[in-house]
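Take a look at the letters that make up each chain.
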Amino acid sequence: DTEVTQTPKHLVMGMTNKKSLKCEQHMGHRAMYWYKQKAKKPPELMFVYSYEKLSINESVPSRFSPECPNSSLLNLHLHALQPEDSALYLCASSLKPQGGSGANVLTFGAGSRLTVL
Amino acid sequence: GENVEQHPSTLSVQEGDSAVIKCTYSDSASNYFPWYKQELGKRPQLIIDIRSNVGEKKDQRIAVTLNKTAKHFSLHITETQPEDSAVYFCAASFGTLDGSQGNLIFGKGTKLSVKP
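Note that the protein sequences, when read in sequence, are chains F and D.
For the first sequence, the numbering used here begins at 740 and goes up steadily by one.
For the second sequence, the numbering used here begins at -5 and goes up steadily by one.
Keep in mind the hints are simulated off the structure, nothing from the lab.
Any given hint might turn out to be false.
[Stated by the list, open to error] Mimicking DSS-like on lysine-lysine, the simulated pairs with C-alpha atoms at most 25 Å apart in a straight line are:
#, chain 1, residue 1, chain 2, residue 2
1, F, 780, D, 109
2, F, 775, D, 105
3, D, 62, F, 779
4, D, 105, F, 780
5, F, 777, D, 102
6, F, 835, F, 792
7, F, 777, D, 16
8, D, 16, F, 775
9, F, 780, D, 36
[Unchecked claim] Label pairs and their in silico Cβ distance ranges:
#, chain 1, residue 1, chain 2, residue 2, range
10, D, 1, F, 783, 30 to 38 Å
11, F, 796, D, 9, 28 to 36 Å
12, F, 757, D, 61, 32 to 40 Å
13, F, 761, D, 14, 25 to 33 Å
14, D, 2, F, 852, 25 to 33 Å
15, F, 801, D, 65, 31 to 39 Å
16, F, 754, D, 10, 47 to 55 Å
17, F, 749, D, 110, 28 to 36 Å
18, D, 10, F, 822, 21 to 29 Å
Predicted model only: the values in this text are computed from it and were never measured.
We treat Cβ as the ideally placed atom computed from N, Cα and C, and that holds for glycine.
Isolated chain D (complex conformation) (with noise of 0.2 Å):
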């Protein structure tokens, strides 16, 4: 089945510096590809995805790179903010051989801090 693998586990940046997550996964035919955040004690929140036919999306401050041949793909914040502060997830759809229905799978997330 997938494997999401995620780094780091912990990030720690200067307010308006950059941050970058990897993940990386296994399933070649997985196609769709989230990242959620989720503060603490509240709900996982999609904040951008990106899809197996596009290489890049942007969505202001927060991008998203997909390499397939490679099976990675990273999200990259910019001029980072505290209230960037929160756990972010990756995670990846797979596909199945029958062609039924795959689910996400999470990779185990990063804990970012914006310090102020």
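For reference, chain F alone in the conformation it holds in the complex (with noise of 0.2 Å):
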């Protein structure tokens, strides 16, 4: 298995609604990453699991949560949105984090594509 799954392919929620991303790998990949994507913007980077531990929150807000309950899977809960908070909403891994001389390849996967009413 060489992908990373995303459910639900779509999702409209209103302001006042709970719901959850879910994303999953089985390669192995011990870091795991939530992006945030507007239309004809790069990929912005919301979190980082390095071995299922957080390791970076680029200064999200509290009304999402990410959650990794172990290697394979990474979730992000959503309570409270904003209508601009609708975009897509890529996962991804690395067989291990970024940086230094152990970088590895980042593998996204198709999105979840969020609106807000």
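Mind docking these for me? Both chains are given alone in their own frames, and the hints should help you get the complex.
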């Protein structure tokens, strides 16, 4: 298995809803990432999990709550979102964390397209 | 922190011509430079990457060059085909002062259109 799988592919939610995005990989990767991508923009890093521990939180509002239950799964819990949070949410993984002499290839999932009404 | 500038933002070429996209980075400690291709509505996919100990890398019609002194790297696509049409993102992985991990910083993207 050489893929990162994200569900759901599309999600429409109201501002008072609670929902979750899920990401799964079985490549033995130990770093997993959440990115947010708006139309015609590059992916923006939100969170990094390194060996199942949150290592980076790029000043993301608390209405986004990540969770890494195990080395294969990554969730993003959503609560009280705003319309401006509508975007494509990309999960990615790499064999080990980026940086240093051990930088590794980032594999992206297909994304979850979120619309907040 | 790291900053990656990418040019041009749009590029239109005729099928069979070459396309060149350029990126500059600010952190001299950056050591990993991938290029991602994103077709409309799809995920970014790695097409080629280069590490700081190499000056050039080629894979069929695609090549990447790195100039560490000038802190810039470029993507070269030869004999372009309509299926090369997509948005291309460069990225740089930066180092940190305490030796902890850095992460990919993306350029703003180049929309390449290849006209048949």
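For each hint, the structure was consulted:
1. F:780 with D:109: holds (23 Å)
2. F:775 with D:105: Satisfied, since the Cα-Cα distance of roughly 19 Å is no more than 25 Å.
3. D:62 with F:779: Answer violated: residue 62 of chain D to residue 779 of chain F is near 29 Å, above 25 Å.
4. D:105 with F:780: holds (11 Å)
5. F:777 with D:102: holds (11 Å)
6. F:835 with F:792: Holds. Residue 835 of chain F to residue 792 of chain F sits at ~13 Å (cutoff 25 Å).
7. F:777 with D:16: Holds, at roughly 22 Å.
8. D:16 with F:775: At roughly 24 Å apart (the allowed maximum being 25 Å), residue 775 of chain F and residue 16 of chain D satisfy the hint.
9. F:780 with D:36: Distance ~14 Å between residue 780 of chain F and residue 36 of chain D Cα, so the pair holds.
10. D:1 with F:783: 30 to 38 Å: violated (20 Å)
11. F:796 with D:9: 28 to 36 Å: violated (45 Å)
12. F:757 with D:61: 32 to 40 Å: For residue 757 of chain F and residue 61 of chain D the Cβ distance comes to about 49 Å; the hint is violated.
13. F:761 with D:14: 25 to 33 Å: 39 Å Cβ-Cβ, so the 25 to 33 Å window is violated.
14. D:2 with F:852: 25 to 33 Å: holds (28 Å)
15. F:801 with D:65: 31 to 39 Å: Check passed, 36 Å falls within 31 to 39 Å.
16. F:754 with D:10: 47 to 55 Å: holds (50 Å)
17. F:749 with D:110: 28 to 36 Å: Check passed, 32 Å falls within 28 to 36 Å.
18. D:10 with F:822: 21 to 29 Å: 44 Å Cβ-Cβ, so the 21 to 29 Å window is violated.
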